[in-house]
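Student: Sequence:
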Amino acid sequence: MRPRLVIIAVTVVLALTGCSGGLNNPKPETSGGADGASRSAQKADPAAPGPADIGPDDFADEAETIVDSFSDDELAGSLIIGTWSGTDAQTGANMIEDNHLGGVIVMADNLPENPTPDQVKGVTDTIKGTRSTGQPVSIGVDQEGGPVSRLSTGALPFPPLMALGAAQDPELTQTATQVQAQNLTDLGFTIDFAPTADVTTGEKDVAINVRSAGDDHKDVAEVVAQAATGYHLGGVASSAKHFPGHGRLHSDSHESLPVSKKSIKELEDTDLLPFKSAVRAGVPMVMMGHIGLPDAKTTPSTLNKDAYKALRDTLDFDGVIITDALNMKAVDQNQSGGETVGALSAGADIAVMPPDSAAAQQAVVKAMKNGDLKKDALQKKAERVVAMQLATAETQKTIAGGGASAEDPQEVLADVAETSLTVLKGECTFAGTDSISIVGGSEKEKSALADAAKDAGLAVGSEGTRVSLSPNTSAEVAVGTAAPWTMRNTSANTAVTAYDSNPDALGAVAKWLKGDLTATGTLPVEYDGSAKAPSCG
Numbered sequence: 001m002r003p004r005l006v007i008i009a010v011t012v013v014l015a016l017t018g019c020s021g022g023l024n025n026p027k028p029e030t031s032g033g034a035d036g037a038s039r040s041a042q043k044a045d046p047a048a049p050g051p052a053d054i055g056p057d058d059f060a061d062e063a064e065t066i067v068d069s070f071s072d073d074e075l076a077g078s079l080i081i082g083t084w085s086g087t088d089a090q091t092g093a094n095m096i097e098d099n100h101l102g103g104v105i106v107m108a109d110n111l112p113e114n115p116t117p118d119q120v121k122g123v124t125d126t127i128k129g130t131r132s133t134g135q136p137v138s139i140g141v142d143q144e145g146g147p148v149s150r151l152s153t154g155a156l157p158f159p160p161l162m163a164l165g166a167a168q169d170p171e172l173t174q175t176a177t178q179v180q181a182q183n184l185t186d187l188g189f190t191i192d193f194a195p196t197a198d199v200t201t202g203e204k205d206v207a208i209n210v211r212s213a214g215d216d217h218k219d220v221a222e223v224v225a226q227a228a229t230g231y232h233l234g235g236v237a238s239s240a241k242h243f244p245g246h247g248r249l250h251s252d253s254h255e256s257l258p259v260s261k262k263s264i265k266e267l268e269d270t271d272l273l274p275f276k277s278a279v280r281a282g283v284p285m286v287m288m289g290h291i292g293l294p295d296a297k298t299t300p301s302t303l304n305k306d307a308y309k310a311l312r313d314t315l316d317f318d319g320v321i322i323t324d325a326l327n328m329k330a331v332d333q334n335q336s337g338g339e340t341v342g343a344l345s346a347g348a349d350i351a352v353m354p355p356d357s358a359a360a361q362q363a364v365v366k367a368m369k370n371g372d373l374k375k376d377a378l379q380k381k382a383e384r385v386v387a388m389q390l391a392t393a394e395t396q397k398t399i400a401g402g403g404a405s406a407e408d409p410q411e412v413l414a415d416v417a418e419t420s421l422t423v424l425k426g427e428c429t430f431a432g433t434d435s436i437s438i439v440g441g442s443e444k445e446k447s448a449l450a451d452a453a454k455d456a457g458l459a460v461g462s463e464g465t466r467v468s469l470s471p472n473t474s475a476e477v478a479v480g481t482a483a484p485w486t487m488r489n490t491s492a493n494t495a496v497t498a499y500d501s502n503p504d505a506l507g508a509v510a511k512w513l514k515g516d517l518t519a520t521g522t523l524p525v526e527y528d529g530s531a532k533a534p535s536c537g
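Mind the numbering: the sequence shown is residues 1 to 537 in the numbering used here, read in order.
Honestly, the hints are just simulated from the structure, not real lab data.
Wrong hints could be hidden among the right ones.
[To be verified] Restraint-style ranges between C-beta atoms, simulated for each label pair:
hint, residue 1, residue 2, range
1, Pro-117, Glu-411, 49 to 59 Å
2, Pro-409, Glu-266, 34 to 44 Å
3, Ser-474, Asp-434, 13 to 23 Å
4, Asp-434, Lys-262, 46 to 56 Å
5, Asn-114, Asp-53, 36 to 46 Å
6, Glu-427, Ser-263, 41 to 51 Å
7, Ser-442, Gly-122, 29 to 39 Å
Here a beta-carbon is modelled for each residue, glycine too, at the ideal position from N, C-alpha and C.
Start from the sequences and build out the full structure, keeping to the hints where you can.
Tutor: Right, dumping it as structure tokens:
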């Protein structure tokens, strides 16, 4: 593992001592390292502004001027991020132009199967520049890593956040998310709907699980703060999600409305801490989740004024609040734009993925005319949104001008995989082997592990150490590629988890099997059977 200098440390201590700052203070404090300098500053003119020096407050006046020029149609559309069906990017571009949308989100079905980076870039290039009002177009993506990686082969393979929780290396988390953000910037994106700030409860948490950094709110807060900083340094606007916390809920808001047993006030010292740390780190957006609260069990937080008020007041957050996707089943899908009007009225600044973006935009225009939405309130929302968009555009210009990290992405991702590899059962150090046979798991995973093993110098065949990719297949060693509890029932004497099956994760497994790597990851979540895991960190 190569040595690293500390870039910018935003610790849980800072997160717990207050939430001041947010978008008004996008420059987290620096500490540590040989000289306390950031990598970016070492590669660029120290006097020149870098990504950490740029924030929405710098563009407040310009944003106000742009929004003042909006017609009612343009104002309504500027507060919507839409989605389209199919792989024709021109459809998305036309939707922005026709409905004056503030942007779109690119989903997996907007791309060809197994896309190349050039194909992804072709989509974003088509979408860019479709507004003539001075408002930059937001091009967003759900690219958390692990199971939520909409760009598939078109972007760097990034693990789920739980891998970074297992690594327990704040600097590595920041460096890795900066690398991921720079990759997205290069591909033409301006928003990544990440990081997940939810605190998971483990295997009962069907919606979040490995998307969370772990089950300890303080540890998750540390990871989320570093991730928010990394995304900013890499040029994309990030979004801490899903306020006030989805991880302790045992149903999926994609399918129904989960209801929290605890109020936001009762969550303040636990589930809210990662959101507080993200705000303290300068995260530009917080996503409101589709979560019912004890006093509003049938109303999603995305439509609940009290939830937005709590987010503003409890976190002292003055940035952009966005909704979770409004086309999810937790929200009534038959409102003809009423869901967007309801979200904006409740306190949202951006309505994300309404079922029908054109209907949503027209519903907002109608609501302005009949007084259900106040135009001056919508203008304030638009000013926040446009200022963020302008700041993101300027940050990306700075990065293109040489203000970005010169880290080798492949080295960083390999470092994450090796640092996060976690022993679930057995000894911390594996004796090593020269040959393996692979059983269990999907053919795709078996083939990928075989490739990684061969690259590591292992013979792969029917002889040697028997390695299973499934908890239900007898073997000497079990290898997990998802949530750690999925390997709980393995009969193998030794078990590890890589949290993912991307090439770097399996490369780390192969090095460990050969005896060239000690697994030092720390299990970031407790579950029935987790006590068998040794302390290897």
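Student: Confirm or reject each hint.
Tutor: Outcome of the hint check:
1. Between Pro-117 and Glu-411 the CB atoms are about 19 Å apart, so this pair departs from the stated range of 49 to 59 Å.
2. The beta-carbon spacing between Pro-409 and Glu-266, approximately 41 Å, falls within the hinted interval of 34 to 44 Å.
3. At roughly 21 Å, the beta carbons of Ser-474 and Asp-434 sit within the given window of 13 to 23 Å.
4. About 53 Å separates the C-beta atoms of Asp-434 and Lys-262, a value consistent with the hinted range of 46 to 56 Å.
5. Distance hint check: the CB atoms of Asn-114 and Asp-53 are about 39 Å apart, consistent with the given range 36 to 46 Å.
6. The hinted range of 41 to 51 Å is satisfied by Glu-427 and Ser-263, whose Cβ atoms lie roughly 45 Å apart.
7. Ser-442 and Gly-122 have their C-beta atoms about 30 Å apart, which keeps the hinted 29 to 39 Å range intact.
The earlier numbered hint that this structure contradicts is number 1, and it is the only one.
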